[in-house]
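Visitor: Listed here are the chains, written in short residue letters.
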Amino acid sequence: MTKSALTRRQLFKTSILAGATGAFMGPWTHNRVYAASSDKPIKIGITSDASGQYANSGASDRRGMAMAIAEFNEKGGVLGRKIESVHIDTETTPATGSRVAERMITREEAGFLVGAVSSGVANAISQVAQKYGVIYCNTNSSSPTESGKNCHRVKFVWDGNGTNFAMAAVKNAVEKFGNNWMLLTNDYVWGHNTAAATRKLLEQYGGSVSEEILVPQGTRDFSSALLKIQQGKPDVVAAAIGGDDQKSMRQQVAQLGMGSSPAWINNQQDWPDVYGLPLENLFGVFGTTWYYKLDLPGVTEFVQRYQAMYPETNMRVPGNVFYNGYMATRNLLAAIERAGTTNNIAVIKQLEGHKMPAAERMQHHDAYIDPVTHQVQQSIYLATKNAKPADDDDMFEILNNSAPGDVMDAGAQDECKLESYDDTPTFDA
Amino acid sequence: MMQLAPHLLNGLTLGLLFALIALGFMLIVGVMEVINLAHGSLFALGAYFALAIIGADAVAGTTFGDWWLSLPLTLRFVLATAVAPVLAGLVGMILELCLRPTYGKAPLYGLLLTFGAALVMEELIRLGWGTGEQNLPVPQAINGAMLIGGLIFSKYKLFAALFASLAILVVWLFLEKTPYGAIIKAGAHDSEMVRALGYDLSKLRLLVFGFGAGLAGLAGVTMVPIWGLRPHVGVDVVIPAFLIIVLGGVGSFWGAVIAAILVGLSIGITGAYASAWSIMSIYILLIVVVGFRARGLFGKKSALEN
Numbered sequence: 001m002t003k004s005a006l007t008r009r010q011l012f013k014t015s016i017l018a019g020a021t022g023a024f025m026g027p028w029t030h031n032r033v034y035a036a037s038s039d040k041p042i043k044i045g046i047t048s049d050a051s052g053q054y055a056n057s058g059a060s061d062r063r064g065m066a067m068a069i070a071e072f073n074e075k076g077g078v079l080g081r082k083i084e085s086v087h088i089d090t091e092t093t094p095a096t097g098s099r100v101a102e103r104m105i106t107r108e109e110a111g112f113l114v115g116a117v118s119s120g121v122a123n124a125i126s127q128v129a130q131k132y133g134v135i136y137c138n139t140n141s142s143s144p145t146e147s148g149k150n151c152h153r154v155k156f157v158w159d160g161n162g163t164n165f166a167m168a169a170v171k172n173a174v175e176k177f178g179n180n181w182m183l184l185t186n187d188y189v190w191g192h193n194t195a196a197a198t199r200k201l202l203e204q205y206g207g208s209v210s211e212e213i214l215v216p217q218g219t220r221d222f223s224s225a226l227l228k229i230q231q232g233k234p235d236v237v238a239a240a241i242g243g244d245d246q247k248s249m250r251q252q253v254a255q256l257g258m259g260s261s262p263a264w265i266n267n268q269q270d271w272p273d274v275y276g277l278p279l280e281n282l283f284g285v286f287g288t289t290w291y292y293k294l295d296l297p298g299v300t301e302f303v304q305r306y307q308a309m310y311p312e313t314n315m316r317v318p319g320n321v322f323y324n325g326y327m328a329t330r331n332l333l334a335a336i337e338r339a340g341t342t343n344n345i346a347v348i349k350q351l352e353g354h355k356m357p358a359a360e361r362m363q364h365h366d367a368y369i370d371p372v373t374h375q376v377q378q379s380i381y382l383a384t385k386n387a388k389p390a391d392d393d394d395m396f397e398i399l400n401n402s403a404p405g406d407v408m409d410a411g412a413q414d415e416c417k418l419e420s421y422d423d424t425p426t427f428d429a
Numbered sequence: 001m002m003q004l005a006p007h008l009l010n011g012l013t014l015g016l017l018f019a020l021i022a023l024g025f026m027l028i029v030g031v032m033e034v035i036n037l038a039h040g041s042l043f044a045l046g047a048y049f050a051l052a053i054i055g056a057d058a059v060a061g062t063t064f065g066d067w068w069l070s071l072p073l074t075l076r077f078v079l080a081t082a083v084a085p086v087l088a089g090l091v092g093m094i095l096e097l098c099l100r101p102t103y104g105k106a107p108l109y110g111l112l113l114t115f116g117a118a119l120v121m122e123e124l125i126r127l128g129w130g131t132g133e134q135n136l137p138v139p140q141a142i143n144g145a146m147l148i149g150g151l152i153f154s155k156y157k158l159f160a161a162l163f164a165s166l167a168i169l170v171v172w173l174f175l176e177k178t179p180y181g182a183i184i185k186a187g188a189h190d191s192e193m194v195r196a197l198g199y200d201l202s203k204l205r206l207l208v209f210g211f212g213a214g215l216a217g218l219a220g221v222t223m224v225p226i227w228g229l230r231p232h233v234g235v236d237v238v239i240p241a242f243l244i245i246v247l248g249g250v251g252s253f254w255g256a257v258i259a260a261i262l263v264g265l266s267i268g269i270t271g272a273y274a275s276a277w278s279i280m281s282i283y284i285l286l287i288v289v290v291g292f293r294a295r296g297l298f299g300k301k302s303a304l305e306n
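From first to last, the protein sequence lines stand for chains E and A. Everything in the first sequence is counted per my numbering, starting at 1 for the first residue and increasing by one. Everything in the second sequence is counted per my numbering, starting at 1 for the first residue and increasing by one.
All clues given are correct.
Simulated restraints, written as ranges between beta carbons of each label pair:
1. Thr-74/A x Arg-107/E: 55 to 61 Å
2. Pro-107/A x Gly-340/E: 55 to 61 Å
3. Val-372/E x Leu-12/A: 50 to 56 Å
4. Phe-64/A x Tyr-205/E: 56 to 62 Å
5. Met-309/E x Phe-292/A: 56 to 62 Å
Hints were generated in silico from the structure; no laboratory data involved. Don't be surprised by glycine CBs; every beta carbon is placed ideally from N, CA and C.
For reference, chain A alone in the conformation it holds in the complex:
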């Protein structure tokens, strides 16, 4: 058990980070029924925006740029964490405007459009920041290692897991306790009724897509100090995010969170005992769960099942 405990802790932190990755994806699928294949590129874009903000790329060499770089890294990192997801959200909104002609058509149109958008964004990143590996610096206070039970853990990873927990809580409070959240949920449940009640459905979709994209950007800023940053880093995100929402049940907030934690634990535990199976284990988990419960862990029962 003593050998397993650190792996369980590792799996739990990894799960919380996966939950953060899946959150924006879940929101867009749940509310808009669009499988956003550009989720990974928005994730990458958020991280690159943060890199540009921290390093003052656009104003390098100017007086403002020099002043900006003289500010403590902690301050620049905090600002980047706040601003980069907003910028990713704006890109998401532009993508939503492009998606509008596909509404009401076969889901394939939306899939193809978001897939194309992912390719375009990845190429834009290559053009803007180059093809090579980049490093998103993190403040000294949350960098480095710490000892837990005689083993070294990454301070940043534990910080990121706590931050992910906080983000999950804030998103949940927003959806459950604010009138905006109620409208979003109502839009997911019955969009025609929401429109009939006088709400602007187009605006709602725009905001939801922007919010989901912003969450993808936030996940990017949080994850790349662990994964590293490269133009195609988002490719590593879409499949786990998709798997998590299917596992948790499409449209279920806590289903996605619990599924993400299960995925993290699955990777953590197999990593300890059968490392070659660590990635395969999450697919086996999906097969087992969906095999017994086709709508996922917390998915709502379909009318056809009654």
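Okay, chain E solo, but in the shape it has when bound:
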């Protein structure tokens, strides 16, 4: 007769232990409730890059979040609770993003996560956030997949995406500059998706892509690519190059005097990537979601608040990255206030479909959070370098603006499959 591996005594002990653990922790969907109490600050985990390719943009993103948090705290917080934040560097690396998100949720007890510039990092963070049901605001990463196939119930995307910017730019550029295009694409998720969106639209408007040059992330020498462009003689180069790579590219294109011929379409131009550079580095047409000299009510006061809060920073005026960080955080906190609770599902429901008047967002058109994709549908601006700047900071000339409906990413709506509320863990932060 064989002896049983588990004795009656062991079984009894194990049952007691499991029961005690269960009684304390409760089923998973409620086990973080014990951490919440009415006098405890609401904790926001800031998941932005402080090193790597997007370190500078990450700093700008954080300043935006901090200003929104400071404004709410001045008013007494949200639901009578102060707002606290904790930041951990995501290092512009997806693996670090996952690790940081996990730590933010399980050890720092952050109830909400905010921040991203790199789409790869944002995707990694959002997978962890969804696992725990923690609302995550992707502030500044703009790959179409973020609100498409990589969308999540807990994730809200605040930047315009590559398709939005391509829709604003491609038709005009085909008509104005010609239909023979080359694509210069950063070899990672944002670059590929943005290039795919550009290619699709280009074909729709009668243009064609003669060649796509893939540029690995971390490229500092663009000579090979620029020689290939010269050899290919395209009418237009559509560049989806981001971060430090883009800065190096701009420097080298400007040195060669290739900024005006061929025509350049740079999908989106983040303000921290060009701030302080010579104007000749700012060639071509590019997209943005906001500019500090938009002639709209509230913009001047917003800039003044920024300057009062950050008198020491080298960046004297806020840009699109700061703006997105600020808007995301402010709207998240406002959603908690409207929900009257920090329960994640209640806050998600407040954010889904939420309408934001143009005046409130300091843009030309009303915006809203698409309930299907969780992406903010907003005004998209096309800009170029300002030939007659009013001062050193006045680098952009805004060429036009598009209403959200004109630049909507329909593909994302088809691809996004949000998890159900039931499949999303629920808790009170």
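The hints should help you fit chain A onto chain E, whose structure is shown.
Guide: For chain A alone, coordinates are given in the frame of chain E:
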């Protein structure tokens, strides 16, 4: 072939610039057997010192500052190119003094210390010059574009490649033709014997580290008008420099130069035909070379291999 020729020229210029980047790193590893992970930060520091000298940051708004800025950019650029590497070299010397307690211990101590120093220097740069992108201006005479075979090339890049060639030659002459170079090489070969002959080994190490750091600073001044200038620009330097000296054979001067040119050509040629592989190609090159010849192209045979 006509399509490939400009890419070969581009690869060659890039290789010479990589050689300049690797030179200081090679010197410190070869002589002191310290893998200096702060090499990239010294590279960045050299560039920021040059920026401060050209823009007269410290004396802006004073009479001297105004007078300085009224001087031609060419003169300020030349002075910056001469002085900034010296300042980077002095920082390198301070780092060497900090490194002394690690000598004779496991290499990990030196690695950790230089890694920590790199982080400190990067943060100091952020504090001193801010986090944003900066622009190191270059004189008009070497700025802009020129046509070669109907294609546009950057004048500055060609100038930088020529300058790198000159710097390589000067360093080689210094190491081969001067008594100081002979002592440095002897120190790399057998430091105990050098000490026994009455040379101050501590001073030698201090000078070598300063010289290597100065070369890193010089590479920084030369490269940032092409790459752009930001506090973490040095991060882009350490891995290529390390790869080049392993490829060329640790301690081999010409090994490092030839390896750098091979790396440049590899990037240039793959950039023409399979651009997505341009960075990967240099790692493949390393694997192939080290796979067949573990000591690198020109590395000396180990006693264990006899």
